[in-house]
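Colleague: This is what each chain is made of:
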Amino acid sequence: MNDEKDEGRRRFLAQGAALVGGAASAALSPPGGAQELAGQPWERVYGAGFTRYGQPSKYEAPVGRHLAQPYGELAPGSGAALSPIESLEGIITPSSLHNIRSHSGTPDIDPKQHRLLIHGMVARPLMFTVESLLQYPMTTRTHFVECSGNSSRALTPQPAQVPAGAMHGNMSCTEWTGIPLRVLLEEAGLEPSAKWLLAEGADSAHMSRSIPVEKAFDDALVALYQNGERLRPEQGYPVRLLLPGWEGNMNVKWLRRIKATDGPTHTKDETSKYTDPLPDGRSLQFTFEMGVKSVITRPSSTMTLPRPGRYEISGLAWSGAGRIRQVEVSTDGGATWTAATLLGEERPRALVRFRMPWEWSGKPALLQSRATDEKGRVQPTRKDWLTRYAPDMRYHNNSIVSWAVGADGKVTHVYA
Amino acid sequence: MSTRRVSAFLPLILLCSCAGAPQTTSSKPPALGTPVGAAEIARWDISIPPSGAGLPAGSGTARQGQQVYEQKCLACHGAKGGGKPADPLAGGTGTLASKAPVRTVGSYWPYATTLFDYVRRAMPITNPLSLTNDEVYAVTAYVLALNGIVGEDAVMNAQSLPQVKMPNRDGFVSDWPPRER
Numbered sequence: 001m002n003d004e005k006d007e008g009r010r011r012f013l014a015q016g017a018a019l020v021g022g023a024a025s026a027a028l029s030p031p032g033g034a035q036e037l038a039g040q041p042w043e044r045v046y047g048a049g050f051t052r053y054g055q056p057s058k059y060e061a062p063v064g065r066h067l068a069q070p071y072g073e074l075a076p077g078s079g080a081a082l083s084p085i086e087s088l089e090g091i092i093t094p095s096s097l098h099n100i101r102s103h104s105g106t107p108d109i110d111p112k113q114h115r116l117l118i119h120g121m122v123a124r125p126l127m128f129t130v131e132s133l134l135q136y137p138m139t140t141r142t143h144f145v146e147c148s149g150n151s152s153r154a155l156t157p158q159p160a161q162v163p164a165g166a167m168h169g170n171m172s173c174t175e176w177t178g179i180p181l182r183v184l185l186e187e188a189g190l191e192p193s194a195k196w197l198l199a200e201g202a203d204s205a206h207m208s209r210s211i212p213v214e215k216a217f218d219d220a221l222v223a224l225y226q227n228g229e230r231l232r233p234e235q236g237y238p239v240r241l242l243l244p245g246w247e248g249n250m251n252v253k254w255l256r257r258i259k260a261t262d263g264p265t266h267t268k269d270e271t272s273k274y275t276d277p278l279p280d281g282r283s284l285q286f287t288f289e290m291g292v293k294s295v296i297t298r299p300s301s302t303m304t305l306p307r308p309g310r311y312e313i314s315g316l317a318w319s320g321a322g323r324i325r326q327v328e329v330s331t332d333g334g335a336t337w338t339a340a341t342l343l344g345e346e347r348p349r350a351l352v353r354f355r356m357p358w359e360w361s362g363k364p365a366l367l368q369s370r371a372t373d374e375k376g377r378v379q380p381t382r383k384d385w386l387t388r389y390a391p392d393m394r395y396h397n398n399s400i401v402s403w404a405v406g407a408d409g410k411v412t413h414v415y416a
Numbered sequence: 001m002s003t004r005r006v007s008a009f010l011p012l013i014l015l016c017s018c019a020g021a022p023q024t025t026s027s028k029p030p031a032l033g034t035p036v037g038a039a040e041i042a043r044w045d046i047s048i049p050p051s052g053a054g055l056p057a058g059s060g061t062a063r064q065g066q067q068v069y070e071q072k073c074l075a076c077h078g079a080k081g082g083g084k085p086a087d088p089l090a091g092g093t094g095t096l097a098s099k100a101p102v103r104t105v106g107s108y109w110p111y112a113t114t115l116f117d118y119v120r121r122a123m124p125i126t127n128p129l130s131l132t133n134d135e136v137y138a139v140t141a142y143v144l145a146l147n148g149i150v151g152e153d154a155v156m157n158a159q160s161l162p163q164v165k166m167p168n169r170d171g172f173v174s175d176w177p178p179r180e181r
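These protein sequence lines are chains G and R, in that order.
Start counting the first sequence at 1; every next residue gets the next number (our numbering).
Start counting the second sequence at 1; every next residue gets the next number (our numbering).
If you're looking for bench data, these hints aren't it; they were derived computationally from the structure.
Be careful, since some hints might not be right.
Listed below are the simulated BS3-like cross-link pairs for lysine-lysine, each with C-alpha atoms no more than 30 Å apart in a straight line [unchecked claim]:
| # | chain 1 | residue 1 | chain 2 | residue 2 |
| --- | --- | --- | --- | --- |
| 1 | G | Lys-273 | G | Lys-410 |
| 2 | G | Lys-273 | R | Lys-28 |
| 3 | R | Lys-99 | R | Lys-80 |
| 4 | G | Lys-215 | G | Lys-112 |
| 5 | G | Lys-195 | G | Lys-273 |
| 6 | G | Lys-273 | R | Lys-72 |
| 7 | G | Lys-410 | G | Lys-383 |
| 8 | R | Lys-84 | R | Lys-72 |
| 9 | R | Lys-28 | G | Lys-215 |
| 10 | G | Lys-195 | G | Lys-215 |
| 11 | R | Lys-80 | G | Lys-195 |
| 12 | G | Lys-375 | G | Lys-195 |
| 13 | G | Lys-410 | G | Lys-375 |
| 14 | R | Lys-28 | R | Lys-84 |
| 15 | R | Lys-84 | R | Lys-99 |
| 16 | R | Lys-28 | R | Lys-80 |
| 17 | R | Lys-72 | R | Lys-165 |
| 18 | G | Lys-273 | G | Lys-215 |
| 19 | R | Lys-99 | R | Lys-165 |
| 20 | R | Lys-99 | G | Lys-383 |
| 21 | G | Lys-363 | G | Lys-58 |
| 22 | R | Lys-80 | G | Lys-273 |
| 23 | G | Lys-363 | G | Lys-383 |
| 24 | G | Lys-273 | R | Lys-99 |
| 25 | G | Lys-383 | G | Lys-273 |
| 26 | R | Lys-165 | G | Lys-112 |
| 27 | G | Lys-58 | G | Lys-215 |
| 28 | R | Lys-165 | G | Lys-273 |
| 29 | G | Lys-195 | R | Lys-99 |
Pairwise CB distance ranges (calculated) [said to hold, decoys possible]:
| # | chain 1 | residue 1 | chain 2 | residue 2 | range |
| --- | --- | --- | --- | --- | --- |
| 30 | R | Pro-30 | G | Pro-111 | 14 to 24 Å |
| 31 | R | Gln-163 | G | Pro-192 | 41 to 51 Å |
| 32 | G | Trp-337 | R | Leu-32 | 30 to 40 Å |
| 33 | R | Lys-28 | G | Tyr-46 | 54 to 64 Å |
| 34 | G | Pro-364 | R | Thr-126 | 32 to 42 Å |
| 35 | G | Gln-55 | R | Ala-31 | 54 to 64 Å |
| 36 | R | Glu-70 | G | Val-414 | 41 to 51 Å |
| 37 | G | Gln-55 | R | Gln-163 | 52 to 62 Å |
| 38 | G | Thr-304 | R | Pro-30 | 33 to 43 Å |
| 39 | R | Pro-35 | G | Asp-110 | 39 to 49 Å |
| 40 | G | Thr-156 | R | Ala-57 | 17 to 27 Å |
From the three backbone atoms N, C-alpha and C, an ideal C-beta is built for every residue, glycine too.
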């Protein structure tokens with residue numbers, strides 16, 4: 001049966017080929033006539049068939065996440081994969097290019113076996129299957145997720161000459177669909193005296209963080225879908241926590257347990273890590289919200305402007321506190337600033353795309369962007385940011401990023 | 001204009017609410033969680049707060065923990081917790097306000113309970129949840145002893161571990177609720 005079909009298909013294609021060949025050699029055509037019509041080789045052959053799951057063009061193969069694997073082959077899933085923001089446009093990150101930060105690799109979770117337990121200071125400890133969670137009313141929102149350690153690579157003694165995404169791409173923005181966390185807590189009967197929630201993943205690190213209950217009653221989601229499809233394994237399949245605008249690390253992936261408590265649990269990732277050392281030797285703990293921030297993605301480090309002339313400066317801005325109110329761009333190292341055009345600024349805790357036309361004269365230029373959010377917070381200069389913390393601070397770097405354009409058009413990363 | 005539009009729709013709304021009984025919309029979400037008993041919860045609940053609540057039975061000393069450490073931890077954390085390729089676990093006390101802070105369990109971690117919690121849930125990285133509770137207590141004691149926080153023969157258990165005062169216990173300032181920026 002299939003053979004017959006294949007045979008039929010072969011015959012059809014062979015006849016088609018004969019027709020094409022016949023047309024090319026037809027005596028009625030003027031000499032060389034067919035060649036005079038525009039038409040690339042791919043316009044002269046039958047195209048590829050359908051695939052069940054789409055892939056980008058093979059010519060876009062260089063576009064991929066920037067891998068940061070500090071332990072190499074010893075622990076290839078401990079570290080991060082940063083989004084190539086220098087190659088992307090708009091405000092939605094493709095799921096395949098979303099940043100990843102994992103501590104013990106991506107677990108291979110069977111959704112039929114996975115469970116979510118809610119217990120502790122609740123009237124009714126409850127166990128949820130994934131199948132049951134999928135039956136709850138859903139909420140869909142667009143939010144960024146940024147690792148607290150994003151932009152730590154822009155804190156090295158000398159400015160790294162790597163693409164923007166390799167430094168600032170531990171952040172992405174997608175559409176998330178899930179159940180408001182509040183709904184599940186109410187079903188379990190959260191006790192009024194419960195002040196914190198311990199959230200824990202089903203990865204082999206059982207990554208866990210303490211979360212104030214206020215966030216659950218604000219905008220926290222138990223997310224099941226990303227960009228319309230079920231979560232990718234590296235994004236927490238089958239179920240993850242989404243805490244819009246808060247440290248990526250708290251958005252616990254592969255969510256298996258929530259325990260209501262009266263105080264924080266002081267887990268390893270909220271004491272030894274993800275705490276912010278101060279110059280006096282003390283450290284800030286529980287700095288959840290990601291600060292107001294922006295970065296120019298085009299042009300950006302390692303790119304070259306081919307010639308003087310008209311360009312569009314394009315970049316991303318975001319704030320864990322809410323909406324972006326304004327992004328200003330400077331092409332002279334901060335001497336003068338111009339407000340850029342914003343796209344998506346109506347969404348809180350989501351990426352905003354900013355754009356500004358720019359006429360490059362061919363002389364050296366210094367490009368910077370500075371975001372302000374709806375709370376009136378302004379992105380700090382690098383110098384100001386550095387004075388706030390101990391020399392080994394690696395989290396919450398939301399300082400202004402500087403790209404120098406040389407007379408030769410080469411764009412480099414500089415500290416300014 | 002808008003008033004007229006509302007009144008025009010009113011009978012329709014009333015009709016729907018009467019006739020739609022089998023398909024009524026409810027703002028109440030389904031309640032699909034199933035009750036769980038204490039014994040099952042105990043198998044899942046591995047988080048240990050500073051009070052030590054939930055610490056299991058069992059015990060261990062640094063002397064016992066050294067064996068566990070050398071077999072299962074040393075390859076990544078180095079001899080005597082010196083580190084490389086993974087984080088150092090010992091040393092650095094007194095360096096936090098310097099120009100080159102060294103942050104280890106001894107110099108930085110505020111609570112010893114966190115060490116038990118993390119070793120049990122995540123270590124060794126290739127085989128977590130494999131250590132016995134005695135082994136976790138022992139290796140916890142060993143790392144504390146490497147930092148001079150407990151003696152080689154101090155017994156770590158559910159009672160003694162929460163009593164351990166870490167050098168940097170008071171070194172953290174909570175930012176929740178957030179301060180004004």
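Colleague: It remains to establish, for every hint, whether it holds in the given structure.
Modeller: Evaluated hints:
no.: 1; hint: G:Lys-273 - G:Lys-410; result: violated, 37 Å
no.: 2; hint: G:Lys-273 - R:Lys-28; result: violated, 40 Å
no.: 3; hint: R:Lys-99 - R:Lys-80; result: holds, 24 Å
no.: 4; hint: G:Lys-215 - G:Lys-112; result: holds, 29 Å
no.: 5; hint: G:Lys-195 - G:Lys-273; result: holds, 22 Å
no.: 6; hint: G:Lys-273 - R:Lys-72; result: holds, 23 Å
no.: 7; hint: G:Lys-410 - G:Lys-383; result: holds, 25 Å
no.: 8; hint: R:Lys-84 - R:Lys-72; result: holds, 14 Å
no.: 9; hint: R:Lys-28 - G:Lys-215; result: holds, 21 Å
no.: 10; hint: G:Lys-195 - G:Lys-215; result: holds, 10 Å
no.: 11; hint: R:Lys-80 - G:Lys-195; result: violated, 39 Å
no.: 12; hint: G:Lys-375 - G:Lys-195; result: holds, 26 Å
no.: 13; hint: G:Lys-410 - G:Lys-375; result: violated, 36 Å
no.: 14; hint: R:Lys-28 - R:Lys-84; result: violated, 53 Å
no.: 15; hint: R:Lys-84 - R:Lys-99; result: holds, 21 Å
no.: 16; hint: R:Lys-28 - R:Lys-80; result: violated, 57 Å
no.: 17; hint: R:Lys-72 - R:Lys-165; result: holds, 26 Å
no.: 18; hint: G:Lys-273 - G:Lys-215; result: holds, 21 Å
no.: 19; hint: R:Lys-99 - R:Lys-165; result: holds, 26 Å
no.: 20; hint: R:Lys-99 - G:Lys-383; result: holds, 17 Å
no.: 21; hint: G:Lys-363 - G:Lys-58; result: violated, 36 Å
no.: 22; hint: R:Lys-80 - G:Lys-273; result: holds, 21 Å
no.: 23; hint: G:Lys-363 - G:Lys-383; result: holds, 26 Å
no.: 24; hint: G:Lys-273 - R:Lys-99; result: holds, 19 Å
no.: 25; hint: G:Lys-383 - G:Lys-273; result: holds, 24 Å
no.: 26; hint: R:Lys-165 - G:Lys-112; result: violated, 44 Å
no.: 27; hint: G:Lys-58 - G:Lys-215; result: violated, 42 Å
no.: 28; hint: R:Lys-165 - G:Lys-273; result: holds, 19 Å
no.: 29; hint: G:Lys-195 - R:Lys-99; result: violated, 37 Å
no.: 30; hint: R:Pro-30 - G:Pro-111: 14 to 24 Å; result: holds, 18 Å
no.: 31; hint: R:Gln-163 - G:Pro-192: 41 to 51 Å; result: violated, 31 Å
no.: 32; hint: G:Trp-337 - R:Leu-32: 30 to 40 Å; result: violated, 53 Å
no.: 33; hint: R:Lys-28 - G:Tyr-46: 54 to 64 Å; result: holds, 55 Å
no.: 34; hint: G:Pro-364 - R:Thr-126: 32 to 42 Å; result: violated, 51 Å
no.: 35; hint: G:Gln-55 - R:Ala-31: 54 to 64 Å; result: violated, 42 Å
no.: 36; hint: R:Glu-70 - G:Val-414: 41 to 51 Å; result: holds, 48 Å
no.: 37; hint: G:Gln-55 - R:Gln-163: 52 to 62 Å; result: holds, 58 Å
no.: 38; hint: G:Thr-304 - R:Pro-30: 33 to 43 Å; result: violated, 57 Å
no.: 39; hint: R:Pro-35 - G:Asp-110: 39 to 49 Å; result: violated, 23 Å
no.: 40; hint: G:Thr-156 - R:Ala-57: 17 to 27 Å; result: violated, 48 Å
Checked against the numbered hints given earlier, this structure breaks hints 1, 2, 11, 13, 14, 16, 21, 26, 27, 29, 31, 32, 34, 35, 38, 39 and 40; the rest are met.
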